[in-house]
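Below are the chains, spelled out letter by letter.
Protein chains: 4
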Amino acid sequence: MKIKEFPDTQEKPPETRVSLTRVGVTGVKKLIKIQRKNKRPIILLPEFNVYVNLPDYQKGAHMSRNPEAINEIIEDTITQPETQLESLCAKLVKHLLEKHEYAITAETEAKSEYMITKVSPVTKRKTQETTKIIAKAIATKNKDNTITVKKMIGAEVVGMTVCPCAQESTEQNTKDKLKEFLDDKTIEKVMNVVTSASHNQRGIGTILIEVPEKQDINVEDIINIIQDSMSSPVCEILKRPDENHIVTKAHENPVFVEDCVRNMIKKLIIKYPELPAESQLTIRQVNEESIHQHNAFAEKTTTMGELRKEMGAN
Amino acid sequence: MKIKEFPDTQEKPPETRVSLTRVGVTGVKKLIKIQRKNKRPIILLPEFNVYVNLPDYQKGAHMSRNPEAINEIIEDTITQPETQLESLCAKLVKHLLEKHEYAITAETEAKSEYMITKVSPVTKRKTQETTKIIAKAIATKNKDNTITVKKMIGAEVVGMTVCPCAQESTEQNTKDKLKEFLDDKTIEKVMNVVTSASHNQRGIGTILIEVPEKQDINVEDIINIIQDSMSSPVCEILKRPDENHIVTKAHENPVFVEDCVRNMIKKLIIKYPELPAESQLTIRQVNEESIHQHNAFAEKTTTMGELRKEMGAN
Amino acid sequence: MKIKEFPDTQEKPPETRVSLTRVGVTGVKKLIKIQRKNKRPIILLPEFNVYVNLPDYQKGAHMSRNPEAINEIIEDTITQPETQLESLCAKLVKHLLEKHEYAITAETEAKSEYMITKVSPVTKRKTQETTKIIAKAIATKNKDNTITVKKMIGAEVVGMTVCPCAQESTEQNTKDKLKEFLDDKTIEKVMNVVTSASHNQRGIGTILIEVPEKQDINVEDIINIIQDSMSSPVCEILKRPDENHIVTKAHENPVFVEDCVRNMIKKLIIKYPELPAESQLTIRQVNEESIHQHNAFAEKTTTMGELRKEMGAN
Amino acid sequence: MKIKEFPDTQEKPPETRVSLTRVGVTGVKKLIKIQRKNKRPIILLPEFNVYVNLPDYQKGAHMSRNPEAINEIIEDTITQPETQLESLCAKLVKHLLEKHEYAITAETEAKSEYMITKVSPVTKRKTQETTKIIAKAIATKNKDNTITVKKMIGAEVVGMTVCPCAQESTEQNTKDKLKEFLDDKTIEKVMNVVTSASHNQRGIGTILIEVPEKQDINVEDIINIIQDSMSSPVCEILKRPDENHIVTKAHENPVFVEDCVRNMIKKLIIKYPELPAESQLTIRQVNEESIHQHNAFAEKTTTMGELRKEMGAN
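Chains as they are written, first to last, in my numbering: chain A, 1 to 314; chain B, 1 to 314; chain C, 1 to 314; chain D, 1 to 314.
Do not take every clue at face value.
Stated by the list, open to error - Here are some, though not all, of the chain D residues that point toward chain A, as calculated from beta-carbon distances under 10 Å:
1. K2
2. I3
3. T21
4. T105
5. E168
6. I187
7. E274
8. P276
9. T301
10. T303
11. G305
Stated by the list, open to error - Residues on chain D that point at chain B, a partial pick, calculated with CB under 7 Å:
12. F6
13. T130
14. N253
What the hints assert, rightly or not - Computed far set for chain B versus chain D, every beta-carbon distance over 12 Å:
15. T21
16. T83
17. T123
It is worth saying that the hints were derived from the structure and are not from the lab. Source: prediction; values computed, not measured. C-beta atoms are modelled at their ideal positions from N, C-alpha and C, and glycine is treated no differently.
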């Protein structure tokens, strides 16, 4: 069958001649297989947003080329498996520039559930649990027609946070009451074995970090850094001894929303000495306060270079 | 200007002759003023869903009559102020039956933010805080052309819940360690002044209750019942002494997700002896567990009559 | 290491002795593999809610047994592959009754993205696209200790709907204007080749259907029934000739929100003559009207028996 | 009653000495009254996020001061009414700097439903309809202790968009078929009275624009600019002649997602010649494509100065 041709409405000049920063499609979901080095492959179900810039002389971008580009890159993984979601995104933005010949920048964001294995701390129940990973890539066509690619990788992880301030006031209350019938030395011994109450809640830590195109970092390391920066990880299956362990450990490690961000920063600086100074970073923590309806929030946006300078670590 | 007439496509017979249970519009937001008895008026911004049944001989309902009906009822409140969101819903379903002459049932649901005033427990900071209220009404045309209306009122309130199980195990741990250097009697005195840690989190309590058309209940009573059934209310502004008070009181009143539902039931039975036996009830609690990514859930669906029988209160 | 034992707080009697309808956990996400008969296995990422009833003599359900039960059932699929999400749910509710010895009903709901393959209608571009599937199961322990299981399967699918009413008025406008310079016979010929405008939008069709425990239906048939009941399916990659085809076909098949529900009903009755009369059904359509901010909604809730009687098909 | 004092845990030095970009609370909802000049007051229910920076020497920000600051600013409006949401935000950030003496930047975002009145185009039905408005403000303490404030105002409005590409191909199809029985001149006359089908859908336009502290712009002008940049506004109550009018007008004005952004740009340039060159702008359109599950997206981020230069309007 001969396919009928229709006019290319997109190619016409627009009425108002002004260029656009980003034009594309959002909310394209795909099932993909990532073949990690020396490990079992993992299944992801990311949602992609993809964009290109649009010059002022063209009415519309050719939108159907965007889901086409996603599809072609995913099909390529059958013969050339990708090892990371962010390297797949890097390939995708380069392919977008090939397909949209009028564009000089292409951008993609992908967010996916990511399964990790957790083991409960005492009874050692093993379980599969979800976190979220985030990948981004931006390709820019240079004047000499070479292409520069920036890629970013990150994760969003739920953990438990215990408030140090409320705990300190609970402890003071207890001490004041103990003074009525115990001496100072015994009080000290008692306080050493008491786990004083505080408010605690789900916290959500987020790290997003720029990585050079040819460098790879393991997203599970990022997940661990986020998790270890709160009072305790959460866990799906907790038998009573596990629950007791987690509650006790969390209360021995109370953290403010600000502490979580600073803990992540400290771990990142130590873990990635090889990341270049210009690498951009977003580190964020949101605590769903159990004593309020609103959330507590803390964030640091910076570069690795600035961070090292600020911390005297450079 | 003469307005051109167009064919009534809705009125035609449908291809497949089968009646429909509910046809209507969802997501209609309106700003309304409720004039409570002997109190300041309150402003609500409810989102309405409205439906009628559709007989098998008619292709489509006349959809534009639904937002029209909402508008007309709201305009009526200017001259005849409504005192409750659920009584406004009751009027609305009767009006829907007038406008859709082919319908024999009409139904509406409205959900709105509802502002309450809170005072922090120690430093007495006053603040305006949101909760959610829910109202429903169903009108049925009887064979003798009279109309029966059922109305329901409810609320969804955030509070704080402390787990009794984790607290009991923390206490046991402390006692076991105190035994190494204190006698039983002193341990008892110590435990009396210690606030032992547990996991705690935001809980969301929901009550939805059927009320006879001519009877009124105050939704703020429902809000208080929900709030008082958890370990503690939450509060927007808490200075340190307030935070200490809330954390301490909450830990003196640990509750499971099941306890919250049972507490609400008990308070409802006592508060509303005049509600008829056939009044339907939904009582629900969802706790956003701080030690897990998933939520804990408990629910009771029943009637006042069954509930009184079960509790031997009838 | 000997694991320390802690008190079973859940087992104690509650303060308020009243039974609860449903107690459990919500929002547990799992990656599972379904091994369909004679087909490639599929990967699902369902979110599970699981509940049991709680008798009046017990303070709390043993919550950790719920995610444990999900895990054990999923692990079983490694040796005994499941062929359907709803049969996995049926196994799960039976297992929940084993683990919660005090419960007589157990319930689960699972909702998952589900990948289907679509081919664009003219240029035959192939693409992977998501829909949502829903499965439920309820197990009830009978007096003779046997267990009765009900299972339900369904889907939620996005398609395109064109309004017949707006189209009819556009057609009338065109005819009125053509009368000024064309004769009736030519007008008829012209109208036969014109695709008259209407408003059109995304519609979301939902079917949920009860299936006997030992019977299997293919969820892709349900997906097709939903999709074929709207004006046209949507498609991720549409080149210009595909887009033209879809827009033209959709406008040749305009449907109200009510028509979508009736179309689904008609197709279900024909497709499943073997479903028992007591099978419960929910058929729903929500259209995200392009001329309004609110949605149009239509729903039929019934049983196969009542439906057949109403349609004279029994 | 003497209120007990507790330790100021926040004031201590943090373990990891690094400053944070933004620390604060998110999701604080308030009912406020805005007293517009020479107009009826309006009621808003905005949700506020507020942040300050945190120096490296301080463990935590004093979080309770944030909802306190919001409360105090809202209470001030009783005696000194605010005329705009963004001017209230500007006051709030200055007050945040007073309350957090260690901070040198303060930031707030507020998003609220905003009621407008709409009249249906033919039958003149009047109705209240919601849109969303957005306000932001950032205060920076300068070295000489003066404070610089930036404020931004914007809106998010739903309208209807008709695709020009699909419409052009439908028209070509019709013309090709008309050629079989009509001459070119008659075809031209016929096409002039035909409203050819296309796909159409809800679009969401967003404008966010920086305004000098002492300058005021009317957010309803922004709402109108967004609405007028699509194929047609949506409307809550449309009788058949209204629906016909809207569908016809929208199809006479087909626009791509890119056209919507360019239309908004053109109208902004004309409407606000007095806005300074450094004013930042975000203009965005998202179309919920009726032929796809995914959305189309276009965005321009720039300053008034750059925009004027690009459009030769400077």
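Determine which of the earlier numbered hints do not hold for this structure and return their numbers in increasing order. 1, 2, 4, 6, 7, 8, 10, 11, 14, 17
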